[in-house]
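Protein sequences, first through last, are from chains U and C. Quick note on the UniProt record's numbering: the first sequence kicks off at 1 and runs consecutively. Quick note on the UniProt record's numbering: the second sequence kicks off at 1 and runs consecutively.
Among the hints, a few may not be true.
Since the list gives no way to pick out one identical chain from another, each pair is judged satisfied if it fits inside one copy or across any two copies.
[Said to hold, decoys possible] No farther apart than 20 angstroms at their CA atoms in a straight line, the calculated lysine-lysine pairs in the PhoX-like style are these:
id	residue 1	residue 2
1	Lys218	Lys183
2	Lys2	Lys46
3	Lys159	Lys218
4	Lys249	Lys239
5	Lys218	Lys192
If you are wondering where the hints come from, they were derived from the structure by calculation, not from laboratory data.
2 protein chains.
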Amino acid sequence: MKRSERLVDMTKYLMERPHTLISLPFFVKRYGAAKSSISEDLAILKHTLAANQDGILETVAGAAGGVRYVPYLGKNHVKRYLTDLSSRIEDSQRILAGGFVYLSDILDDPQDLRQIGKLIATRYAYSKIDVVMTVETKGISLAQAVARYLNVPFVIARKQSKVTEGATVSVNYISSSIDRVSKMELPTRALKNNSNVLIVDDFMKAGGTLTGMEELTKEFNSNVAGTCVLCEADFDKNKLIEGYLSLVKISRIDTTKRIILAEPGNFVAHTDFSRFQ
Amino acid sequence: MKRSERLVDMTKYLMERPHTLISLPFFVKRYGAAKSSISEDLAILKHTLAANQDGILETVAGAAGGVRYVPYLGKNHVKRYLTDLSSRIEDSQRILAGGFVYLSDILDDPQDLRQIGKLIATRYAYSKIDVVMTVETKGISLAQAVARYLNVPFVIARKQSKVTEGATVSVNYISSSIDRVSKMELPTRALKNNSNVLIVDDFMKAGGTLTGMEELTKEFNSNVAGTCVLCEADFDKNKLIEGYLSLVKISRIDTTKRIILAEPGNFVAHTDFSRFQ
């Protein structure tokens with residue numbers, strides 16, 4: 001196979017398997033090419049990804065070595081996307097009763113999910129995440145998008161028990177938007193003990209739902225490696241949680257005057273983009 | 001930019017935007033290369049995808065022309081995956097009370113979702129799908145995976161109303177597993193009239209839930225372009241629906257003897273793979 005064909009196939013192969021170590025002998029066999037040619041191919045791939053600040057090709061030396069594609073966006077890509085996203089969220093038609101915001105068009109769009117997934121996966125690319133957790137229903141597409149780029153499973157906590165999941169572990173949490181104690185649960189077989197968990201959700205007001213997922217994580221003797229939400233309602237000042245990241249911060253919703261103000265959240269300030277320097 | 005670098009970037013660019021027409025002048029400008037060079041690049045890409053029976057690069061001639069990447073798997077890839085998937089489902093630990101089957105490990109795994117999404121997107125690649133529909137909760141990851149490869153939005157029907165979605169349209173349907181009339185609904189702004197809808201779900205017994213989604217589609221003056229489920233329980237003979245496709249057929253579940261039998265469903269027989277001939 002020619003270099004040009006190898007490069008097309010290799011790019012596709014690696015992109016479909018993020019964070020997976022692929023040995024050089026695998027490519028040598030797949031393409032019937034010399035190891036030195038494969039090394040040159042990979043150098044081209046690495047260089048091209050880096051030039052666009054969109055992806056890192058990591059080389060792992062030694063007998064058990066190989067290459068690994070890490071989805072990773074440069075700072076400018078992230079800032080540009082979050083500025084655009086914030087301005088799209090500043091649309092009065094999104095305002096719903098009770099200070100909620102319609103976001104389904106973003107959470108159901110493959111191109112937005114690709115950007116958001118890659119962006120959050122950049123932040124946690126080197127955090128050794130084992131699993132992404134969210135709670136039904138609207139956080140699911142976000143969790144799946146992040147899980148795709150970290151190439152780990154995602155688990156969905158539920159607010160009601162389903163017969164199709166078997167035994168579950170449940171916790172109570174304060175749901176501040178309805179101001180009462182609620183319950184969420186996870187199938188016992190969905191999460192292994194000692195997992196490193198990334199919690200994501202679509203919308204955060206006081207953060208009660210996020211505390212529920214933290215509780216669930218503890219019940220499985222696991223560790224919260226990070227918490228990241230798509231939108232944070234900054235006007236709800238009584239936060240029940242600390243140390244979370246938000247992509248977008250909604251600073252004001254006026255349901256009477258039909259005004260919604262949004263800006264990029266604290267995500268960029270708390271993300272280390274230095275792998276591209 | 002050199003051909004080798006262009007090919008890496010072009011592969012990545014097209015793969016991230018399935019079913020999207022990209023004009024040749026766009027690539028000419030992006031790479032500062034001659035149109036003839038870009039055409040040669042694209043021919044290499046097309047040839048390499050076809051050789052692996054994993055993706056089609058379509059060329060659209062004329063002033064408004066360009067190229068389009070269509071995720072499309074060859075028959076052997078599909079058969080191999082479905083055989084493997086069926087044998088993984090034949091695991092007695094999956095049997096839950098009430099003749100249900102634990103599938104969350106498959107529906108939450110990025111690599112399975114990639115294969116399943118691409119596979120269903122192959123079947124409907126030329127059906128002009130506008131939107132993928134499913135019902136909460138477990139069909140969501142499936143819908144998202146298919147939507148990613150068709151590059152269209154997906155919508156989620158709900159069994160309970162949420163305050164964060166605004167106005168909704170609701171329908172009644174017979175939920176045969178609990179043998180009563182249930183309700184599902186969709187936000188009015190989630191689906192445009194005259195849409196071509198692909199309905200997907202994770203598990204089908206009699207098909208009551210699918211009839212609900214068909215009803216919803218009609219309420220939005222839209223058309224059901226196809227219906228596809230991951231698993232069909234073939235032992236439930238009183239089907240409420242016709243013309244659906246299934247990836248896997250579960251022919252027997254014996255909860256006492258802990259036996260579950262599965263095989264590939266009718267998907268392959270009803271899919272035209274001739275685009276690769």
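List in ascending order the numbers of the hints, as given earlier, that are violated by the structure. Checked against the structure, no hint fails, so every one of them is satisfied.
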